[in-house]
Amino acid sequence: MNLFDILGPVMVGPSSSHTAGAVRIGRMARRLLGEGTPRLARITLSGSFAATGHGHGTDRALIAGLLGMKPDDERIAVSFEIAQQADMGFVFSHENLPGEHPNTARLELTAHSGKTLSMTASSLGGGRIMVVEMNGLRVSFSGDLPTLIVQNRDQPGHVRDVTTMLAMSSVNIATLNLYRDYPGGNAVMIIETDKAVPEEGIRLLLDIAGINGVTFVGAEKEG
Amino acid sequence: MGIESLAYLMEAGEKEDLFDVILKSDCVERGVTPGESILKMTTLYSAIRRAREGYSPEMRSASGMIGGDGAKMREYAASGKTICGEYIGSVLAQAIEMGESNACMKCIVAAPTAGSCGVLPAVLLPYQQRENLSDADMVHALYIAGAVGQVIAKKASIAGAAGGCQAEIGTASAMGAAALCYLAGGSAQAVCHAAAIAIKSLLGLVCDPIAGLVEVPCVKRNAAGAMIAMSSADLALAGVRSAVPPDEVIMAMREVGDKMDVSLRETGLGGVAATPFGQKISKQMSGQL
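Taken in sequence, the protein lines are chains C and B.
Sequential numbering of the first sequence, starting at 1, is according to the working numbering.
Sequential numbering of the second sequence, starting at 224, is according to the working numbering.
Everything labelled a hint here was simulated from the structure, so no lab data went into it.
All values reported here derive from a predicted model rather than from experimental measurement.
Honestly, I wouldn't trust all of these hints.
[Stated by the list, open to error] Residues of chain B clear of chain C, computed beta-carbon distances all greater than 12 Å:
1. Glu-234
2. Asp-360
3. Ser-465
4. Asp-481
5. Thr-498
[Stated by the list, open to error] Here are the simulated BS3-like pairs of lysine-lysine, each with C-alpha atoms no more than 30 Å apart in a straight line:
6. Lys-70(C) - Lys-263(B)
7. Lys-443(B) - Lys-506(B)
8. Lys-70(C) - Lys-443(B)
9. Lys-70(C) - Lys-377(B)
10. Lys-195(C) - Lys-70(C)
11. Lys-247(B) - Lys-263(B)
12. Lys-263(B) - Lys-195(C)
Cβ coordinates follow ideal geometry from the N, Cα and C atoms, glycine included.
Just chain C, with the same shape it has in the complex (with noise of 0.2 Å):
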């Protein structure tokens, strides 16, 4: 841990896995949707966050999240007042997600051009977390670096249009992973870079017939 792993972060309290990191999750969310603030949010709370989340606001923490704020931001305790004036639905349930991490939620988003999002993620504490879902496939990134999320058809070839892209645009990788759901099926590549990748290198990657979706979240400056 460095100097600033123990002093902060600058945080709305009580609990920096149960608040500060839920606000993350739930802000990682919005931003994986892409389309601002969603019009319905069914979140699913699991384990110590179903337990204990009432208390620590890990419920005001989701939505502050969801509507953009970040873990800093004292208008967290009343972000079900401010979903409302945002035109914000929101339902939660508790349900045991078995082999997750005990501080994890699902949230299932749909915004208001139809367009939906399904992700999970676990809160690690110190406000760090961890993406472990997103549209039924099994993922694993946290966000502390810029990340491209690449959605495509399993076949031969995108691997090489995405990392040939990169390239032209002079971005290097750190980390690249790859997931499916079956042989010739969905796929999501994740890949974390050392800065941000273009706008018109997303535009080309969205016209390569096999690409389905690309959305690119870029690494968050803390307080």
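With chain C's structure known, arrange chain B on it following the hints.
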């Protein structure tokens, strides 16, 4: 990478100011310039000062157990009737206020955790005012505090779930003791021994939050942690040394944490959480889910 032991701090601190030693280490560890590092730490100190202003006597926590005590203590501290005196009274008030702000969803600075966020502000903010110190001095002191926390995180733990409350309030108290000792002009040796004395004073403290919430007994333990930080700093400044070498004290802290029953490590199953009162609150809270 980073500061690995208190022995290293004591040795390096003989030739060079401790702040410079730690600043250099941070620059190497995170790949930043000294200016970037100091700016980040200055931002953090500003956030601590802002967090102090966020306190309100009217706010209440989710369970209703927390709120209003900081204001009571502040009023009493100013009454001139305190046992500990007005200055220590203001330290206690600051510790409780910050702990209450955290429990009531106000913005705080985790140091090292959210539950122990009151200790460092409680020992630093009143001291700055009394001694008329600059913000730059206080920022330097945060480096000292951070380095002590870094060593504890490496050799033991700063998480209640892993090491009990000694890992949270104990670490915060050691960080506060070291920071105060440094500000008062103590040697690197005195700084590290102040931290060791604080840890020994809180060794074995269990993490037993009612209903698993960062409320009871967490908030009041911030006051205790601040008091022990001050007494430990004064002992070290007087020339008293921990008989056990500081790094060995941290090893003992780890051993005690490892031996601590899981019911006493943030599970809400032991200690005050397991009392009839604790169980009653726990039931009420689960009814709200």
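Which numbered hints turn out to be false for this structure?
none
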